[in-house]
Each structure stands twice: as C-alpha cells, then as structure tokens.
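Peer 1: Below, each chain spelled out in residue letters.
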Amino acid sequence: MLPRPSVSDVVVLDRTELARGVILLGFHAPELVDVTRPGQFVMAIPPGGERAATALAIYEAQGERASLLFFVCGARTRELAELRPGDKLSLTGPLGNGFDLGAAANVAVVAGGVGIASVLLPAQQLTQRGSRVRLFYGARNVEFLVDRDRFANAGCELCCATDDGTLGHHGFITELLAQAEDKPDLILACGPSPMLRATAFVAAELGVRAQLALEETFACGVGGCWGCVVPLDRKSSQAPKFPKSAGDFVNARVCKEGPVFWAHELRW
Amino acid sequence: MSGMDLSVKIGKLELPYPTLMASGCYGSGEEFEAFADLSKIGAVVLKSVTREPRLGNPMPRLVPTPAGLLNAIGLQNPGIDWYLEHEVAKFAQRPCAVIGSVAAFSVDDYAYVTQRLAARDEIAAIELNISCPNVGSEGETFACDPALTGKVVRAVRAVTGKTLIVKLSPNVTDIAAIAAEAESAGADALAVINTLRGMSIDVHAWKPRLGNLTGGLSGPAIRPVAVLAVYEAARAVSIPIVGQGGIETASDALEFFLAGASAIAIGTANFTDPRIPEKIVNELGAYLEARGLRSLRDIVGKANVGFGTPFQYEGDVG
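From first to last, the protein sequence lines stand for chains A and B.
Counting along the first sequence from 1, when you hit position 52 you're at 52 in our numbering, and nothing is skipped either side.
Counting along the second sequence from 1, when you hit position 219 you're at 219 in our numbering, and nothing is skipped either side.
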C-alpha cells in the first residue's frame, strides 16, 4: 500500500550548487520524510504558481529534512534554482510507485548524471539492512559525478565512468556493469533513456532482473491526463487493466503505474 | 462567502458550484482526491470513451509551450464494453456529479456509446466530444461543420433524455453558426472551447515534437480566444455555456461569466496546482459579496450589455 500523498507548502532550508547547474535544494518537510518510499517523486510548484509543476525525484529524506537534486535545463528548473533558504514552495507528493527492493542481497545501482537523484534512498535502505550495494555512476566528466562521498559514507562501493575519462572508466557506465564480477541479484537504474536501454540489455545478458526509474514529461503527475505513457506487457502486474482485444501491450502511465518498471516488461 | 449562491443549472443538471473539471485533465476524479476536496467542485467530466478500445497516440504526447501545453493523447481508453463493466460503478463514490464524455468517428457510434453510457445511474449527464483535434481529422470534422454538428446532436438527442452538453471546437470560422445548429438540434448546453490545433518542431532533430505531429493547445495562452468564442456563442444561443480555456484564477473565470458562460471548466490549471478549483470558488463568492450580489446568475453575459456596433469614425468602411 502506497502512502497517501498530499500538497504541502514547505520552506527551503539550504541550497547548494554541486556542479554547474546541478542544484541540491533541502527543505523542512517532515510529512514527506515519514512516508516516502525510495524512487518516489514530487511535483514541485514554484512560488506564484504561474508555471506548471515539475516532477523531481526525492533525493534525501531524513529527520525532518527532505531534498531535491536536479539539473537546470528549462524555465521551470531555473525558477526552482533561484530559491534561497527561507523561500517557500509547494510540493505534491510523494507520488509514483518507487523501487521494490525485495530481499536482494547483492545489488548493482546504475546512475547516469542527475539520475543519481533517484537512487540515494534505495542505496541507503539496502546498505542499512546489510545488502551489498555497488554504485555504477557515470557522467560526462568528474565535475558532474556529484555527491559521491555521500554514497561512499552510506556504505556503497563506487565504480565510476566518465565520457572524457576525467575519473574512472573512460566510456559508458553500462560497460563497467557488463564486466562486473560477482553477479548482482538485482539491478536498479536511473538516468538518460539510452543508458536505461543499455542497462536493460546488459541485465538480460547477465540474467539479472532490473528495475528502471523512467523520466518523462508530465502534465499532472498523478495519473489524470495520460500524457506520459510507456508500452508495457499487458501481463505485467503494473499494467493498467485493459481489454485483451487491444493487443499484447498496454500504455502505462509513467507517473502512476511507474516511474519504476521492470526492464523485461517494457516494450520499448 | 456564506449565503453566496454559486449554484448553476445546466439542462436538468443542478450543481452546487459552477466549476467543472475539464475532460481528459482530471481522470475520473479519483486521481486528484488526495489533493482536492471533490465536494467543493461542481462536477468531473470524465475522459472520453469510444466504442472500441484505443491505445492512444505514440509518445511524446505532451509539449510545454509558452503559457500553455500542447497535447496529443489520442483518446486512449478501454472502449465502452470494458468501461461499463469495470469502471463506471466506482463513479458512484464521487462526492460530486460525474459527467460522461463520448467520442466517436461516426454518427451511429456517437448514438450507440451515448445510449449505453447515459443508461447508467452513475452518469449525471453526457458531454459530446465532437471536437478532439488529435485523432486524424475525422474526430474534429463534426464540430467544424454546422450540418454534421446538427446531424450528430439530433442522433444523440434521440437516444437519451439526460442533459446533453456539446463541446465545440475553436478551430472554425464561425462558432456562432455551429452553436446555433447544436442548440436547434437539441443540445441542452455547450462547452466552449476544446483545444486549439497546434504544432511544435524540434530544431535540432528537424521533426515535430509530438508523436502525433499535431496537437491541441490549452492553458492561459488560449484564454482570450476562448473568451471571445464564449462571447460569440452566447449571443447566438439561449442554452447555458460552460466556458473553458486557460482559466487559472477567479478573475479569469469572471471573464467567462461576463462573456456569457453560466459555468466554467478548469483543465490545465489543475496541473499547476490542484488546489486552484477550490480557490476559484472561494474567490468568486468573495467577489459577489463585495459587490452586494447574491448569485452568479446576476453577472452572466453582463459584458454584453451596452455593446452595440463598435464605434466607427465617420467615413470608415466595414
């Protein structure tokens, strides 16, 4: 049973620019901390409410503080990046299904760029219960491999890759995943779509099940508009109920049935 | 706000508030129940249902645009058989009225789906979506041609006594003519307007951004277009009009009432903040109270009063 989401006005506590355009925004939101499952997201409504809300993963949730980690890539994220401690914003959430960590004991977490925002909570939860977590973390260069220490401190083993070779493997992070020794029993991934597709491919080759946190443009974020769909095997437990006559796949909402899907059930 | 009468009558349908949640924007209400008090809205207009199941358009289906949203969902729905069997029963739990929405590609199918849907007690009224811009050209053809509009409304009128709201398209030359035709064919009310057709192109990829290539534009960007459409339709008919198109605040809503709408619908604004509908209702009450008015009916169409032929300088032609 997923927690009941709500709309809340929160106050910004801290703002840090971790790399050029990568913003970590912390705020006081005990109501969110209590109920958030790893991999869930919020719709962030900038003050004034004149712009559509934007969907962002919940990065940290501890004590009374939660945070968002995002890359400034448009008007809405630019507005959020301008917030300073003391400013208010409204959040709708937590939304979406989140990761299913099951009983996995040896987990490979794959993150590309700002996709790191979705995977801190599951990584922390896994290490806390004694599971082995290897973080496969890729970005264009070392500057954008942000917040690595936090993962190391949480007990994750780090394997990094950069497009320009400034840290770790010079190439794609999924190449490191494919070469990993001691095969994981679960893969969690969040990042750009090509990286997720490559992760799904590698997971299938390794014979390991993978959960992918997808990113999509949302309008409502709560399942009301059907604007963010992905084709899903109709036999998936996540697939919306739909007549069999329509075919062997169903368009599932990334915001409602997802954003986390089993890689082998996606028909992309 | 106590004592303010915000109630509205649309055909046989009596609603405590004049705010409808626009079709396709609010799911079946269930999706928003955690964030919005549904007992403080007039009605939810459901997502359109068709005779056969539809998987909808390919992605991407959404493109944010300046002060607006371009969408091309493509009427994804499970078809009327499945809908009646698995979904309609749960609409009885909503604390507000539930209005069914019907889309089709032929006159016969409009009548067939309407007859079956309207027969259910959970459905308080029917909105006829003859103006979806995102399913080839066929869907919208009905609302773009007065004769076809008349034909489909007459066929549907013959199969149900429930309140019939006909949703018109702004993508026409003369919306007044179509509004008049819908009224004479038996419509109880009009929903004005559906989205405006639009396109957005990715200049790096050299291709349209929407999977369907074209879409329908909503949001504040289309508000003045919608206000004018309501104004023109209201002068052509005497049935109530549900004004819609980019309403985000009570002030926006008041423009529609003054232009001639008896009720309003809120769509895209729910994506900005799901608390907007309740805020609008509260502020409409305060607006009336501040002016010593008792009812919204006192302001409907009042922007028409005193407007004759626009002033022209002597010698100007046309």
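Any given hint could be a false lead.
Straight-line alpha carbon distances no greater than 27 Å define the calculated DSS-like cross-link-like pairs of lysine-lysine that follow [stated by the list, open to error]:
| hint | chain 1 | residue 1 | chain 2 | residue 2 |
| --- | --- | --- | --- | --- |
| 1 | B | K162 | B | K9 |
| 2 | B | K279 | A | K88 |
| 3 | B | K279 | A | K241 |
| 4 | A | K244 | B | K9 |
| 5 | B | K9 | A | K235 |
| 6 | B | K90 | B | K207 |
Just so you know, these hints were derived from the structure itself, not from any lab.
Peer 1: Each hint should be assessed against the structure and marked as holding or not.
Peer 2: Outcome of the hint check:
Using a Cα cut-off of 27 Å, the hinted pair K162 of chain B and K9 of chain B holds, with the two alpha carbons roughly 13 Å apart. Between the alpha carbons of K279 of chain B and K88 of chain A the distance comes to roughly 19 Å, so the proposed pair stays at or under 27 Å and holds. Our distance criterion of 27 Å between C-alpha atoms is broken by K279 of chain B and K241 of chain A, whose separation comes to about 34 Å. The suggested pairing of K244 of chain A with K9 of chain B is violated, with an alpha-carbon distance near 40 Å, which exceeds 27 Å.
Restraint check: the Cα-Cα separation between K9 of chain B and K235 of chain A comes to about 45 Å, which exceeds 27 Å; the hinted pair is violated. Between K90 of chain B and K207 of chain B the CA atoms are separated by roughly 42 Å; this puts the pair beyond 27 Å, and the hint is violated.
Checked against the numbered hints listed earlier, the structure breaks hints 3, 4, 5 and 6; every other hint is satisfied.
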